[in-house]
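Enquirer: Here are the chains, one letter per residue:
Protein chains: 2
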Amino acid sequence: MALVVQKYGGSSVADADGIKRVAQRIVATRKAGHSVVVVVSAMGDTTDELHDLAKQVSPLPPARELDMLLTAGERISMALLAMAIANLGLKARSFTGSQAGVITDDAHGKARIIDVTPGRIAGALADGAIPIVAGFQGVSQNGKDVTTLGRGGSDTTAVALAAALGADMCEIYTDVDGVFTADPRIVHTARRIPAISYSEMLEMAACGAKVLQLRCVEYARRYDVPIHVRSSFSSRAGTWVSEATGAGGESMEQAIISGVAHDRSEAKITVADVPDVVGLAAKIFREIAGAGINIDMIVQNVSAATTGLTDISFTLPRADGEAAMAALRAVQADVGFGNLLYDDRIGKVSVVGAGMRSHPGVSATFFGALADAGVNIEMISTSEIRISVVVDENDVDAAVTAAHKAFELDATEVEAVVYGGTGR
Amino acid sequence: MALVVQKYGGSSVADADGIKRVAQRIVATRKAGHSVVVVVSAMGDTTDELHDLAKQVSPLPPARELDMLLTAGERISMALLAMAIANLGLKARSFTGSQAGVITDDAHGKARIIDVTPGRIAGALADGAIPIVAGFQGVSQNGKDVTTLGRGGSDTTAVALAAALGADMCEIYTDVDGVFTADPRIVHTARRIPAISYSEMLEMAACGAKVLQLRCVEYARRYDVPIHVRSSFSSRAGTWVSEATGAGGESMEQAIISGVAHDRSEAKITVADVPDVVGLAAKIFREIAGAGINIDMIVQNVSAATTGLTDISFTLPRADGEAAMAALRAVQADVGFGNLLYDDRIGKVSVVGAGMRSHPGVSATFFGALADAGVNIEMISTSEIRISVVVDENDVDAAVTAAHKAFELDATEVEAVVYGGTGR
Numbered sequence: 020m021a022l023v024v025q026k027y028g029g030s031s032v033a034d035a036d037g038i039k040r041v042a043q044r045i046v047a048t049r050k051a052g053h054s055v056v057v058v059v060s061a062m063g064d065t066t067d068e069l070h071d072l073a074k075q076v077s078p079l080p081p082a083r084e085l086d087m088l089l090t091a092g093e094r095i096s097m098a099l100l101a102m103a104i105a106n107l108g109l110k111a112r113s114f115t116g117s118q119a120g121v122i123t124d125d126a127h128g129k130a131r132i133i134d135v136t137p138g139r140i141a142g143a144l145a146d147g148a149i150p151i152v153a154g155f156q157g158v159s160q161n162g163k164d165v166t167t168l169g170r171g172g173s174d175t176t177a178v179a180l181a182a183a184l185g186a187d188m189c190e191i192y193t194d195v196d197g198v199f200t201a202d203p204r205i206v207h208t209a210r211r212i213p214a215i216s217y218s219e220m221l222e223m224a225a226c227g228a229k230v231l232q233l234r235c236v237e238y239a240r241r242y243d244v245p246i247h248v249r250s251s252f253s254s255r256a257g258t259w260v261s262e263a264t265g266a267g268g269e270s271m272e273q274a275i276i277s278g279v280a281h282d283r284s285e286a287k288i289t290v291a292d293v294p295d296v297v298g299l300a301a302k303i304f305r306e307i308a309g310a311g312i313n314i315d316m317i318v319q320n321v322s323a324a325t326t327g328l329t330d331i332s333f334t335l336p337r338a339d340g341e342a343a344m345a346a347l348r349a350v351q352a353d354v355g356f357g358n359l360l361y362d363d364r365i366g367k368v369s370v371v372g373a374g375m376r377s378h379p380g381v382s383a384t385f386f387g388a389l390a391d392a393g394v395n396i397e398m399i400s401t402s403e404i405r406i407s408v409v410v411d412e413n414d415v416d417a418a419v420t421a422a423h424k425a426f427e428l429d430a431t432e433v434e435a436v437v438y439g440g441t442g443r
Numbered sequence: 020m021a022l023v024v025q026k027y028g029g030s031s032v033a034d035a036d037g038i039k040r041v042a043q044r045i046v047a048t049r050k051a052g053h054s055v056v057v058v059v060s061a062m063g064d065t066t067d068e069l070h071d072l073a074k075q076v077s078p079l080p081p082a083r084e085l086d087m088l089l090t091a092g093e094r095i096s097m098a099l100l101a102m103a104i105a106n107l108g109l110k111a112r113s114f115t116g117s118q119a120g121v122i123t124d125d126a127h128g129k130a131r132i133i134d135v136t137p138g139r140i141a142g143a144l145a146d147g148a149i150p151i152v153a154g155f156q157g158v159s160q161n162g163k164d165v166t167t168l169g170r171g172g173s174d175t176t177a178v179a180l181a182a183a184l185g186a187d188m189c190e191i192y193t194d195v196d197g198v199f200t201a202d203p204r205i206v207h208t209a210r211r212i213p214a215i216s217y218s219e220m221l222e223m224a225a226c227g228a229k230v231l232q233l234r235c236v237e238y239a240r241r242y243d244v245p246i247h248v249r250s251s252f253s254s255r256a257g258t259w260v261s262e263a264t265g266a267g268g269e270s271m272e273q274a275i276i277s278g279v280a281h282d283r284s285e286a287k288i289t290v291a292d293v294p295d296v297v298g299l300a301a302k303i304f305r306e307i308a309g310a311g312i313n314i315d316m317i318v319q320n321v322s323a324a325t326t327g328l329t330d331i332s333f334t335l336p337r338a339d340g341e342a343a344m345a346a347l348r349a350v351q352a353d354v355g356f357g358n359l360l361y362d363d364r365i366g367k368v369s370v371v372g373a374g375m376r377s378h379p380g381v382s383a384t385f386f387g388a389l390a391d392a393g394v395n396i397e398m399i400s401t402s403e404i405r406i407s408v409v410v411d412e413n414d415v416d417a418a419v420t421a422a423h424k425a426f427e428l429d430a431t432e433v434e435a436v437v438y439g440g441t442g443r
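Taken in order, these protein sequences are the chains called A and B. Each residue of the first sequence is one higher than the one before, counting from 20 in the working numbering. Each residue of the second sequence is one higher than the one before, counting from 20 in the working numbering.
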């Protein structure tokens, strides 16, 4: 008998029927002999609707009040889910983030979890009840105010609770079958990845794979909580995210590349003709950081010896493009660069795989595949287990497809076996 | 400078425009130099919509979870109201019932307030912020669970907070101009009552006047909190509910009858041919009480000496009619009464006024007016300051109109002066 934390996303509890279906799944888990703690998001579009209401009364609502407002969403879904479970004959009890002991800092709208003290959750379990916990929310340590955790917050709540309760696993239920070798909307032959390591999943998430948020995977790695990402609409196994050995070990060793991720949310800024003087690059990036903007890739060309000038390019979220350009223009005279170029018609394509550590030639294969597909590479960046390129936005699909094929990730007759494996 | 608790009902904050209008009124009160604490209900039909959702997932939702669900309603309205006030340049901070220190018993759905410890509210006031408190909700003393106060709960929250904070007054904003001498939909010449005593208001509320709930008036009387019931859609003075001397004293002394109330929500049960034996009536009403049903009026006819049998009639909420009949049928053989009659086509009409204590002949005037209007009286009950009659449901309007006219409550040329008076 295991202790399982199950997290259900908004699409799984979009309406009363969805809530009843999820209740049945939870009851089935209990009847299979497991203890269950449930974390639930707000129903369907509730959070967006509440955001709309806020905009109608204030163009810039105070963050504390926005958190108070948004947390009404999970309050509704968790109470309904508890009712639906009770209607199936089992005891269920809903808990707000505060009641569940999710203690955060004071950063409303993007609070970080400081501590989890799940005394009431443990009490409910001991009492034979199924605790239903509001995802995405907590209570601030100092102000005792309601906070929200920001994007991916419900996944993080689930993993944090699993860690604090010493759960055997954390199941993240969503509307897809798991993590795929590429976005199936682009690559129809993409396969579900049965098992992936925390490090690879972190790279995939950072490079645009949207199934799991970076933050929840970081938390899971830190506390070694195995995650099972799966669909709430089927009973198929999904993707296990855990330590590198993963599902029986052998399947993960076989894969040089686990998957191909892409991201169309970035823009590129090029600071042209920067005098090649010590400290100028630092000055430029200090400006960007001062504006609260996170940058992703940075490329500096070798200084042209004849001119003493160099170009520095970097990528950043498109949403921050304007703010970054304004910040840079303000220091143009001071830094003495020549020109500023902004390009938001780019895309990033990344191949991720722990196997590339021991397999030379991955970049040659990747770049060769792109060349064969006629895709021009604008920027390159690498980590130990990832190679990312920036390409023209219009070339993203072709690049993803070419890389997926080059690393032999396309589904074959083997797929059925892959689907049959349940990881751990 | 006064400390004012203002309560806004669901119809006042039905949409974003309503919330912005209420925010302006709150800001105006602050700018007039007063300290303000606001209690707010859920927006418009939110509570009904949440009830509907609950029904969709469970025919009989657990009371604890229903409370968790319903309290999402005030959470939304209070956060939006705080945002709207902040947008007008003042500090506002929303608080749940729990955060505001509204401590209740464990009776989910109809919790009673045990204590109010408004430390955070006082802190917000000291900090120059306007506290916005969720009405209708609290936290249970033992379980630390979210509770709701049941019907009229938000009014009670407001009065309880006003008492705990030692506020100078509690303003209850609603969608009518105050308490009227009769329902203006029936009596077009009904006048707003500028001031009324707690006792009279209690009788009015108990007899069907819907503007204020019995419970909130009881609380106000116990802690001597003056209530000002008024419209959030106008700036006119409403009705002051306070100690008997009220608004300058003289106006209340003039009125023998403050108002005429009516109630169409009751039914009448007649237990016929009850043997006139000691203890049988007690047995009958023990059965009714055992079924959790509150009865209102009771009339027992004098026993007919020739038969040794008597009839007992009583009124009760129509909603409880079936349950009461079933309970009585179950003891028919044991008690030995002859017949059970059920009539839900009745209405209760009451005249209420502290002046009737010192003015004899009120009942003669009342019954005479009903007779002249051709209205037959089925039952009569009285208190020190009230006379109620049960009549045929179809006669209610005629009875209210006749009584209103007989006690000279119809608006005359004096009305403008009445409207001009602001009470205290």
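Keep in mind the hints are simulated off the structure, nothing from the lab. Among the clues, some could well be false.
For chains that are exact copies, the list does not tell them apart, and a pair is met inside one copy or across any two.
To be verified - Below are the EDC-like pairs computed for lysine to aspartate or glutamate, each with C-alpha atoms no more than 16 Å apart in a straight line:
(1) LYS424 / ASP202
(2) LYS163 / ASP125
(3) LYS110 / GLU427
(4) LYS39 / ASP391
(5) LYS74 / ASP34
(6) LYS39 / ASP146
(7) LYS39 / ASP71
(8) LYS74 / ASP36
(9) LYS302 / GLU397
(10) LYS229 / ASP146
(11) LYS39 / GLU306
(12) LYS424 / GLU412
(13) LYS229 / ASP196
(14) LYS50 / ASP64
(15) LYS39 / ASP134
(16) LYS229 / ASP194
(17) LYS229 / ASP202
(18) LYS163 / ASP363
Enquirer: Against this structure, judge whether each hint is valid.
Expert: Each hint, compared with the structure:
For the identical chains of this complex, LYS424 and ASP202 are intra-copy neighbours only, at 13 Å inside a copy versus 78 Å across copies, given an alpha-carbon limit of 16 Å. Taking the shortest Cα distances, LYS163 and ASP125 sit within 16 Å of each other inside one copy (9 Å), while across copies they are farther apart (23 Å). In this assembly of identical chains, the alpha carbons of LYS110 and GLU427 never lie at most 16 Å apart, being 49 Å within a copy and 60 Å across copies at closest. For the identical chains of this complex, LYS39 and ASP391 are neighbours neither inside a copy (50 Å) nor across copies (61 Å), given an alpha-carbon limit of 16 Å.
Taking identical chains as interchangeable, the C-alpha atoms of LYS74 and ASP34 lie at most 16 Å apart only when they sit on different chains, with a minimum of 12 Å there against 24 Å within one chain. Proximity of LYS39 and ASP146 under a CA criterion of 16 Å is satisfied in neither setting, with 23 Å inside one chain copy and 46 Å between copies. In this homomeric assembly, LYS39 and ASP71 come within 16 Å of each other (Cα to Cα) only across copies, at 15 Å, whereas the closest approach inside a single copy is 27 Å. Only between protomers do LYS74 and ASP36 lie at most 16 Å apart by alpha-carbon distance; the minimum there is 12 Å, versus 30 Å within a single protomer.
In this homomeric assembly, LYS302 and GLU397 never come within 16 Å of each other (Cα to Cα): the closest approach is 24 Å inside a single copy and 92 Å across copies. For the homomeric pair LYS229 and ASP146, neither the shortest alpha-carbon distance inside one copy (37 Å) nor that between copies (43 Å) is at most 16 Å. Taking the shortest Cα distances, LYS39 and GLU306 never come within 16 Å of each other, neither inside one copy (51 Å) nor across copies (39 Å). Taking the shortest alpha-carbon separations for LYS424 and GLU412, neither the intra-copy value of 20 Å nor the inter-copy value of 81 Å comes in at or below 16 Å.
Taking CA atoms no more than 16 Å apart as the test, LYS229 paired with ASP196 passes inside one copy only; the shortest distance there is 13 Å, against 55 Å between copies. Proximity of LYS50 to ASP64 under the C-alpha cut-off of 16 Å is found in neither arrangement, the shortest distances being 31 Å within a copy and 38 Å between copies. Proximity of LYS39 and ASP134 under a CA criterion of 16 Å is satisfied in neither setting, with 32 Å inside one chain copy and 38 Å between copies. Within a single copy, LYS229 and ASP194 get their C-alpha atoms as close as 12 Å, which meets the 16 Å cut-off; across copies the closest is 48 Å, which misses it.
In the homo-oligomer, the alpha carbons of LYS229 and ASP202 lie at most 16 Å apart inside one protomer (9 Å), although the nearest pairing across protomers, at 59 Å, exceeds that limit. For a Cα distance limit of 16 Å, the shortest separation of LYS163 from ASP363 qualifies neither inside one copy, at 41 Å, nor across copies, at 51 Å.
Hints 3, 4, 6, 9, 10, 11, 12, 14, 15, 18, counting from the list given before, are not met by this structure.
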